[in-house]
Structures are given as C-alpha cells and as structure tokens.
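**Q** Work out the full structure, taking the sequences as your base and the hints as a guide.
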Amino acid sequence: GQQLNQSPQSMFIQEGEDVSMNCTSSSIFNTWLWYKQDPGEGPVLLIALYKAGELTSNGRLTAQFGITRKDSFLNISASIPSDVGIYFCAGQGVANAGKSTFGDGTTLTVKP
Amino acid sequence: DTAVSQTPKYLVTQMGNDKSIKCEQNLGHDTMYWYKQDSKKFLKIMFSYNNKELIINETVPNRFSPKSPDKAHLNLHINSLELGDSAVYFCASSQGGANSEAFFGQGTRLTVV
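Here the protein sequences line up with chains A and B, keeping their order. This note's numbering applies: residue 639 is where the first sequence begins, and numbers increase by one. This note's numbering applies: residue 2 is where the second sequence begins, and numbers increase by one.
Just so you know, the hints here were simulated from the structure itself, not pulled from any lab data. Don't take every hint at face value.
DSS-like mimics (lysine-lysine), calculated; alpha carbons at most 25 Å apart, straight line [as the list claims (entries may be wrong)]: (1) Lys-72(B) - Lys-737(A); (2) Lys-708(A) - Lys-45(B); (3) Lys-41(B) - Lys-749(A); (4) Lys-53(B) - Lys-737(A); (5) Lys-749(A) - Lys-42(B); (6) Lys-37(B) - Lys-737(A); (7) Lys-737(A) - Lys-23(B); (8) Lys-41(B) - Lys-20(B).
For the chain A half of the interface with chain B, some residues (derived, Cβ under 7 Å), not all of them [said to hold, decoys possible]: (9) Pro-681; (10) Arg-698; (11) Gly-743.
Rough simulated footprint, nothing fancy, chain B against chain A, three-plus residues with beta-carbon under 8 Å [stated by the list, open to error]: (12) 682 to 689; (13) 719 to 731.
Glycine included, C-beta positions come from ideal geometry on N, C-alpha and C.
**A** Right, dumping it as structure tokens:
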C-alpha cells in the first residue's frame, strides 16, 4: 500500500522562528493536503495542492507539491504560540479516488 | 452551525459491551469517512461511504460495522469491545470523487476498561 513518511516527528522552536516540515511518498500522488490538529479537536484543512510544482500560501503558511509528485513540504513563517499542534500531510493516489493516506504527523511546540 | 458533528464526545465502557457512535454532516457532501487515531496520534482510515454505498473498507475487524441511513449520516457500531479499541474515532466528510478535502468532526474518545 501507499506509505507516507513525514518529518520531523516533532519540533521545538522559539516564537518568531520559521518552520519547515515535509512528506515523501513511495508512490505518485494526485493531491497533497496539509491539516492541523489542535488538542481535543479534529484535523482542520490548511492547504490543498492539486498540481505538480504548485506553490500555495495561506497567510504565514506555504506549501508546495513536489515536481516528482512524491513529496510535499509545508513552511510556517514567523511562528506564534497558537501554531502549536500536530500537522499532518495527506496524499491521494491515482488509483484511490477519495481516499487520503495520512502521514504520521509533526508535533510543533512553540516557546514564547 | 457545526459542519460535521459526532456524538458522544467521550465514551467509557467495559470490555465486551456494544456501543455506537453517531455522525452527521450538514455540508451536502456525498462522501463520509470514519478514521481511528491511536495513542501515538496516527490517523488511519477505517471506512468510506459515498451516497450511502460502502466504497472503502480497510482491514478492520468485523466487530466494527458502519451504517449510512442517508448521505448526511454515517454511524459506527462496535460489537464486543476490546481494550485495543480504545482510541479517538473521527468522522469526516468530503465532496467526493477527485476532491478529498475532508472536514472532520471533533472526535469521540472511546475508552474501554
């Protein structure tokens, strides 16, 4: 089956620093999605990517769909305390319409 | 107006019991899902329904049975609960087809004692 490797597993940063996390897949994806999960809540979609090479921003967040279609990264600029949470990448493959495979998550801690 | 709502939020029950979790979405989406998130926060898809039809059924024990009375509802019934079933269960919905952007409920924390 499809495998997603998300890294790093966790990050501890100072407020104001930039953050970068990425996901790599063993197979080609048509769609990459990035979600954030706050404690006690369900994941919330941050950015959706549908084309290889696509670079999309949402406020301080920027995500890119890798040219090979096997990877994606998410950057957060000038982090703030409310950025704390778990960030998940998710990909949808060619043969699995509607089914997203999730990465194992990156837990972000921001120290004020 | 909650887009995807699931009840209950917390469920504590004894081994061997049968329990149900309900989910409703008011987004007009065609596809609904159940995900399981374990203690390590790994999110795994369990089931997916499109217009009341089962389209994804991952390797899940037969004790788990989803039911979709209409496309706005997807309930999860679990028989003979086991300790290992303790987890957070998330319901989600999406437009379906090529659009897999999912909207998640708040989750149901199931604890089996």
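**Q** Checking each numbered hint in turn, tell me which of them this model violates, lowest number first.
**A** Failing hint: just 10.
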